[in-house]
Amino acid sequence: MATPLLQVEHLEKSYGDVHILHDINLTVATGSVTVLLGPSGSGKSTLIRCLNGLEDFQSGQLTFSGEPVTPSPKVWQKLRQKIGMVFQSYDLFPNLTVLDNILLGPLKVQHRAKAEAKEQAIKLLKEVGLADYQDSYPRQLSGGQKQRIAIVRALALNPDFMLFDEVTASLDPEMVRGVLEVLRNLAQQKMTMLVVTHEMNFAREIADQVVFLEEGHILEVTPGKQFFENPQTERAQIFLNSMDF
Amino acid sequence: MSWIVIQQSVPVFAQAFWLTLKLSFYGIIGAIILGLIASFLRYFKVPVLRQISAVYTEVSRNTPLLIQLFFIYYAFPEIGIKMSATAAGISGLIFLGGSYMAEAIFGGLKGVAKIQVESGLAIGLSRWQLARYVVFPQGLTLSVPAIAANVIFLIKETSIFTVIAIPELTNTALDQIGLYYHTDESLFVLVIAYAIILIPLSLILTWLERRARRGAFGN
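For the record, the sequence lines run as chains A and B. Once you know that position 135 of the first sequence is 135 in my numbering, the rest is easy, because the numbers rise by one and skip nothing. Once you know that position 92 of the second sequence is 92 in my numbering, the rest is easy, because the numbers rise by one and skip nothing.
Don't read these hints as lab results, they were simulated from the structure. Here the structure is a predicted model, which is why all the values come from computation and not from measurement. For glycine and all other residues, C-beta sits at the position ideal for the given N, C-alpha and C. Just to be clear, a hint being listed does not mean it is correct.
Claimed, not checked - Residues from chain B shown here face chain A by an in silico Cβ test under 8 Å; the list is partial:
#	residue
1	Gly111
2	Ile115
3	Glu118
4	Ser119
5	Gln129
6	Tyr133
7	Pro137
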């Protein structure tokens, strides 16, 4: 088996006395889509945030591209260029135009040539159908447009791995489809992704594996199709039954 | 109240008017610079300097300008620091205003949404880049209203300069009263003079606040 892109071993996370994540073990294969499911408060967001250093953790080992990760601000700053993240709230920088939002990372962090970075940014904007908006400010865009641009902003760094934390959860229903379409295309291009979502039909469609989390424990890791047809745990079955899809 | 007296006192007050404006200008510019430095020391958690800045803020905010001026003008010469009344006045205003400006600016920086900071980190920005491209542009915009309030406050504080005999507006009015007993007229001109400075300035600052906000956030 090829080296997995990401391996998480025995990760433990707590806030003070509150234990949030218990003995998390997880392997993400290169080019695969992992969907993280679970009731709210189960620790999905915390887990995904641990994977790019926005949250620290007390113990456990992360291995990215075969290299063990020693958490420190410097290490995370480097790794974040390889691990893109998109949040629930479309969080573009309001003081910058769409293009400047996208180019900030490539130019200032990666010190790439402006012409080349801009060309790529425009190509990415075209792919998400927003090429006409490069000079707009975030305030002039709808939520769905902003979210697609936030995805482009992360992709502009040419990451190997993308984390999506409920990226459609605060969008109007008619905006959701466009954003999911972008994720679907990424999956087809074999981008390695870890997706937290409540869009169950979408999850069933794109998940290579489903990780089911409850109260900070991984209850099961199951291939995508199998999870939705025949989950291993009763708890997951109850969860699936409770979802309307 | 005599209009003749008022007319005759206008040239004297005009001089005081410009002096008040000049002292305020230097004092406010200095206070903003000091405030930026103090708030950045705090924001970047610079060791030692941050503690010094905290002590300065407490001392500056919790003592009256009157006492600060006495120290600078009367006590400092004892330790070899001599300066003119004007320089002492400006120094006092900077000492007082610096901490108020620092609070205003730091408040703005703290007010930048956490998600903005996190999305900056998520694209690999360093701490300094995050400050430069995300936190400062947004935070300084957020602090404009508080800075504007301090500007007005500091201009009014120049009236305390009268205690070290700087011939600004208040000092001039008291002088005129002392010399000629034209109390009503002098106080009337004094109020008008402050109003001429402060009312238009207040309107301009309100406009500026709106513009800055629109520029950075679009609302």
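Verification of the hints:
Taken as an interface hint, B/Gly111 does not check out: its beta carbon lies about 13 Å from the nearest beta carbon of chain A, beyond 8 Å. Because the smallest distance between the Cβ of B/Ile115 and any Cβ of chain A comes to about 5 Å, under 8 Å, the interface hint for this residue holds. The criterion of a C-beta within 8 Å of any C-beta in chain A is met by B/Glu118, whose closest approach is roughly 6 Å, and the hint holds. Look at B/Ser119: its Cβ gets to within about 4 Å of chain A, closer than 8 Å, so that hint holds up.
Taking 8 Å as the C-beta cut-off, the interface hint given for B/Gln129 holds, the closest approach to chain A being about 6 Å. With its C-beta approaching chain A no nearer than about 6 Å, B/Tyr133 sits inside the 8 Å limit, and its interface hint holds. Hint status for B/Pro137 relative to chain A: holds, with the closest Cβ pair at about 5 Å, below 8 Å.
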